[in-house]
Amino acid sequence: MADTAYEKVKAARAAKRPTASDYIRGMLTDFVELHGDRRFADDKAIVAGLARLGGRSITVIGIEKGHSAKERVAHAFGAPNPEGYRKALRLMKQAEKFRRPVLCLVDTSGAFCGIGAEERGQGQAIAECLNELSALKTPVISVIIGEGGSGGALALSLADEVWMLENSIYSVISPEGCASILWKDASKAETAAQYLRLTAQDALELGIIDRIIPEDGLGDDIFFTRLRAVLSGRFQALCAASAEELLERRYARFRSIGAENAQ
Amino acid sequence: MAILDFLFQPKNELEEGGRSALPAQADESEPEKVCPNCHKSIPLSRIWAEQNLCSCGYHFRMNARQRLAITADAGTFAPLFDEVSSSDPLSFPGYRKKLETTQVSSRENEAVICGTARIEGEECCLFIMEPYFMMGSMGSAVGERITRLFEYATERRLPVVGFTVSGGARMQEGLVSLMQMAKTSAAVRRHSDAGLFYLTVLTDPTTGGVTASFAMEGDIILAEPGAVVGFAGARVIEQTTRKALPKGFQTAEFLLDHGFIDAIAPRRTQKKLISQLLSMHREARDNG
Ligand SMILES: [Zn+2]
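Protein sequence lines, in the order shown, are assigned to chains A and B.
According to the numbering used here, the stretch in the first sequence is residues 1 to 263, in order.
According to the numbering used here, the stretch in the second sequence is residues 1001 to 1288, in order.
Note that these hints are calculated values from the structure, not bench results.
We treat Cβ as the ideally placed atom computed from N, Cα and C, and that holds for glycine.
Some hints could be false.
Calculated from the model, a selection of chain B residues having no Cβ within reach of chain A, i.e. all distances over 10 Å [stated by the list, open to error]:
| hint | residue |
| --- | --- |
| 1 | Arg1061 |
| 2 | Phe1249 |
| 3 | Lys1272 |
Coverage of chain A stretches by chain B, computed from C-beta distances (three or more under 8 Å per stretch; other residues unrestricted) [to be verified]:
| hint | segment |
| --- | --- |
| 4 | 110 to 118 |
| 5 | 121 to 131 |
| 6 | 146 to 158 |
| 7 | 166 to 174 |
| 8 | 201 to 209 |
| 9 | 243 to 256 |
Next up, chain A with everything else stripped away, as it sits in the complex (with noise of 0.2 Å):
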């Protein structure tokens, strides 16, 4: 049980976690994975494709980090380019397209970081997916599993709900990013992660999510199961509304951030 902020930090990154597929394989069933941005390529830091929660059919998006060093290697680390959001933004369109409930696992600690994802546009691909995700006409429940690290994450999860694993973490910049702009010195994480209120008990209590999933037995066969349950549960309130219902309350629910420090 991780108690103090930068515990949390550590149990969010530990390599033991499920991660998105294992959310895949455990909650999901006939999952077809669709790859590519149409665009310039396939980033495997996002796995994606159809699925089915329950009886209905969904459309998932998972930020994928891999367990094995060999496996981290081969997803990035979970840091997606711009053609990893390029394919959450096709994907998105298309069901939105099919009217299919869009769920994204997030896990990730940034998006990338390299000349290449500067080239081909990082920072356009992100507010794209801000753009179009603030206006697609079908439900987004976006669930942070582990790291939900600064713009990277969030460009997955503007969404109608927003919900944290009881130990994840969701936070502008990393705890030793912000150690080293204050202090010049990344070893002062710790004092870092508890300034910057990075828990899923803090972030429910700044009003940015809607609900923490506690971690009893997590990954193992009752945990998804519960999961699924709720998932279904809401999905299927959120379908009931309106697609201008639906988007009223989305813009509604960001639209109250930091807006009440004013006349």
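Chain A is already provided as a structure; the job is to place chain B with the ligand on it using the hints.
Quick look at chain B with the ligand alone, frame taken from chain A:
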């Protein structure tokens, strides 16, 4: 159309003419600045009088009021949402103090100014970010002001012109600042869905969460010559990849080459280009 005519009143002499209106007389004690491009020393007053340009063409950074003075028609700017201020949602140690000292040193109360204005007669909503206010970082006040501006523009069927400069999200506001990327993007989208025109001018530097939201969401995206525009910081990329960065990496010219901006807009001809683009979108607005 007539809403602007009775609203303008300069708040102070800066807004009236900006610092660029200072006479270009150099006395011996006057501070000088070295141009990073041609390495000449230039008296500050001369830089200010020349729209912060060096004779070699180098574009110096400029504060929001100076930019307002060279962009909006004299006396047409009517500020909006000045009352929206920063909060300290995380009770982040040192943040309140930092805000107070920045407010004094920058003479601004936040990192963006918003309002309505005319640009060569063309009516628009205008936002200009302030590099000298915590490097134009986006906290809840910046996000809220920009969101309100887009909502205001959507209601009144006005185009939006925005000058961006930002180091990214404001760390001290944590997740609340991150969410401003989502909030502003949603407001931009509604404005766009109403068939209205949004023009961004990226200035040095535009990075992080601002690049990954409203800066890159313009119908037309311009950038000033040499402006650094990117998502991740160049130093971070260099440290992570341990590779030499290509020449001109993340400059406006680099983005133009890679297809991410429409054109480079030098400061001297910017106003004319903006007004021309606004006028070419007037029909869309009137037909809406
Ligand atoms: Zn020069």
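Quick rundown of the hints versus the structure:
1. Arg1061: Fine: 20 Å to the nearest Cβ keeps Arg1061 of chain B off the interface.
2. Phe1249: Violated: least Cβ distance 7 Å, not greater than 10 Å.
3. Lys1272: Nearest chain A Cβ is 27 Å from Lys1272 of chain B, so the label holds.
4. 110 to 118: holds (count 6)
5. 121 to 131: Per the Cβ count (9), the hint holds.
6. 146 to 158: holds (count 6)
7. 166 to 174: Since 4 is at least three, the answer is holds.
8. 201 to 209: It holds, with 4 qualifying residues against the three required.
9. 243 to 256: Since 4 is at least three, the answer is holds.
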